[in-house]
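Engineer: Given next are the chains, with one letter for each unit.
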Amino acid sequence: MSEKILEKIRHRRKAQLLLILSLPLAFYIIYFLIPFIAAVGVSVGLILPREVQLQRGEVITLRYYMDAINPIFLKVLGKSLYIAVATTVLCLVLGYPLAYYVAFKGGRYRNVLILLVIVPFWVTFLLRAYAMLSLLSPEGVLNSFLINTGIISKPLFLIYNENAVLLGMVYGYLPFTVLPLYASLEKISRVYVEAAKVLGASPVRAFLHVTLPLSKPGLVAGTLLTFIPSAGEFIIPEFLGGPNEFFVGNMIYSAFIEAQNWNWGASIATIYIAIVIAGIMLYLKYVGEELRI
Amino acid sequence: MRRLGDRILLAYTIMLFVFLYTPIVSMALVSFNSGRGILKWESFTLEWYTKALSNEKILNALFNSAWVAVTVTLLAIAMALLAAIAVGRYQFRFKLALNTGLFLAIVVPEIVEALTLMLFFLWIGSPFGASTVIIGHLVWFPIVYVVIRARMAGMPRVYEEAARVLGANELQTFFKITLPLLLPGIITGGLLIFTWSWDSFIKTQFTRGPGFETLPIYIWNSVGARGRGLSPEVNAIATLSLIISIALAYLYTRFRGR
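Protein chains in written order, with numbering that gives the first Met the number 0: chain A, 0 to 292; chain B, 0 to 257.
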């Protein structure tokens with residue numbers, strides 16, 4: 000008798016689960032997973048083949064990849080990875096002391112400081128890039144300030160070079176690094192640091208041997224949150240980089256939005272994703288961290 | 000010695016905040032300046048705001064941004080709630096895989112999600128427009144899920160059990176007990192996805208139809224390639240959007256603590 004009731008309950012729960020889960024799961028599969036497969040399909044011409052490919056009678060082809068991998072693309076790819084790594088390192092080095100100060104020395108201003116850290120994180124990336132442009136451009140605020148105060152007589156040309164892009168990238172991504180750093184520093188109990196000091200460690204030593212290792216999850220999360228999007232960044236180079244600063248993100252953008260060459264776009268995007276994923280795996284393996292979710 | 004170190008750190012922190020805030024503050028200042036060229040400060044004015052807010056294209060973009068963000072927020076909350084209840088209150092085999100998979104949708108770069116979705120819509124021949132943009136933003140619903148799940152994990156089940164023992168059915172228990180307890184999580188998650196949708200440029204650009212503009216798209220189009228179109232009008236509308244973002248950030252910090 001009780002067996003039967005249990006069985007009935009089990010069936011009911013199963014039906015409920017199916018009802019509850021089907022909508023989000025179906026949405027996720029259709030609009031997140033399948034598009035990835037579709038993109039790979041487009042990159043080999045299985046989906047949305049070009050006219051030329053159809054004339055040749057090819058169902059699947061690696062031609063798009065072979066066309067995409069050329070010296071210009073490799074150069075752009077190298078440059079993008081370089082700028083992403085440089086951005087990530089600079090953000091970590093610059094952001095760590097800030098996160099440290101807010102977490103440990105904020106005192107009664109801590110809540111205000113946290114809000115100051117969070118706000119840039121919430122402001123549209125596009126707007127902040129635009130703000131940087133309106134600050135640095137030849138007709139911009141900085142130049143007009145310097146001219147009006149008589150420090151310079153002609154506007155300085157501060158944008159359209161790699162340094163401007165790097166500055167913009169650091170400005171754009173710093174909040175993405177600082178927030179996870181702060182979150183992990185805040186969790187560290189001061190007791191450990193005090194213990195190290197009581198046992199005779201200098202403040203520097205206590206920091207290097209206690210605080211820094213304990214903040215590793217924040218360093219890893221900050222690295223990933225900065226590196227992953229910055230590798231495909233195209234708004235900052237577009238606004239601050241000028242015609243010579245062209246990155247993978249710009250290439251993907253122009254392949255899709257300007258050239259509307261889906262197969263080319265899909266193949267360079269697939270290569271870019273594969274490299275980024277490989278980079279992340281290598282990094283996680285190197286730092287010995289599991290991707291904790 | 001220790002005092003000195005702290006002072007240096009304080010000076011550094013202030014410097015970095017100056018770096019983070021100078022561009023947005025100067026952008027806001029320019030929007031209140033009556034000089035047309037941004038070269039010189041003349042006097043305080045709201046002229047650019049009245050100009051921007053009587054520009055039909057800007058109003059249209061503002062309206063589109065708002066209704067898309069509201070729709071996305073409501074639908075995302077519904078889907079995230081369903082997924083969170085399934086994972087938190089039921090047993091099934093691929094739970095861990097589902098959890099990981101949902102997390103992926105948050106960490107994948109926006110441009111990747113945008114282009115894969117664009118190809119998908121091209122493939123199935125779906126016309127591009129407001130609905131494709133909404134679907135694109137909705138793919139971020141896992142951010143709401145993560146927040147609600149975190150709230151659920153720290154929530155004792157005794158309240159729900161008590162309600163059931165006292166005779167409430169499953170739906171009553173959900174609406175009278177579970178939902179109110181989850182509310183802070185729903186609000187913070189909702190604020191997050193609202194902002195993501197409100198701010199989205201890349202996804203919107205890849206999934207919109209030619210005539211459909213949101214605020215970020217309008218700003219991008221009017222700034223133009225290589226930023227030739229700097230204008231106080233754009234600064235005004237950008238500042239307006241900035242104020243909304245800051246308000247949302249403030250609300251977020253208020254609700255996160257609960």
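Be aware that one or more of the hints could be misleading.
To be verified - Cut-off 20 Å, straight-line C-alpha distance, at most; resulting in silico cross-link-like pairs (DMTMM-like, lysine to aspartate or glutamate):
#1 B:K56 to B:E46
#2 A:K78 to A:E185
#3 A:K7 to B:E169
#4 A:K74 to A:E138
#5 A:K13 to B:E169
#6 A:K196 to B:D5
#7 B:K50 to B:E169
#8 A:K104 to B:D5
#9 A:K215 to A:E185
#10 A:K153 to A:E138
#11 A:K78 to A:E161
#12 B:K56 to B:E232
Hint data in this document are derived by calculation from the structure and do not stem from the laboratory.
Engineer: State for each hint whether it applies.
Structural biologist: To see whether the hints hold, each was checked on the structure:
1. B:K56 to B:E46: 17 Å, holds
2. A:K78 to A:E185: 35 Å, violated
3. A:K7 to B:E169: Holds - the C-alpha atoms of E169 (chain B) and K7 (chain A) are around 16 Å apart, at most 20 Å.
4. A:K74 to A:E138: 32 Å, violated
5. A:K13 to B:E169: 14 Å, holds
6. A:K196 to B:D5: Holds: K196 (chain A) and D5 (chain B) sit about 17 Å apart, inside 20 Å.
7. B:K50 to B:E169: 54 Å, violated
8. A:K104 to B:D5: Holds, at about 8 Å.
9. A:K215 to A:E185: Measuring from Cα to Cα gives roughly 12 Å; hence the hint holds.
10. A:K153 to A:E138: 11 Å, holds
11. A:K78 to A:E161: 10 Å, holds
12. B:K56 to B:E232: 12 Å, holds
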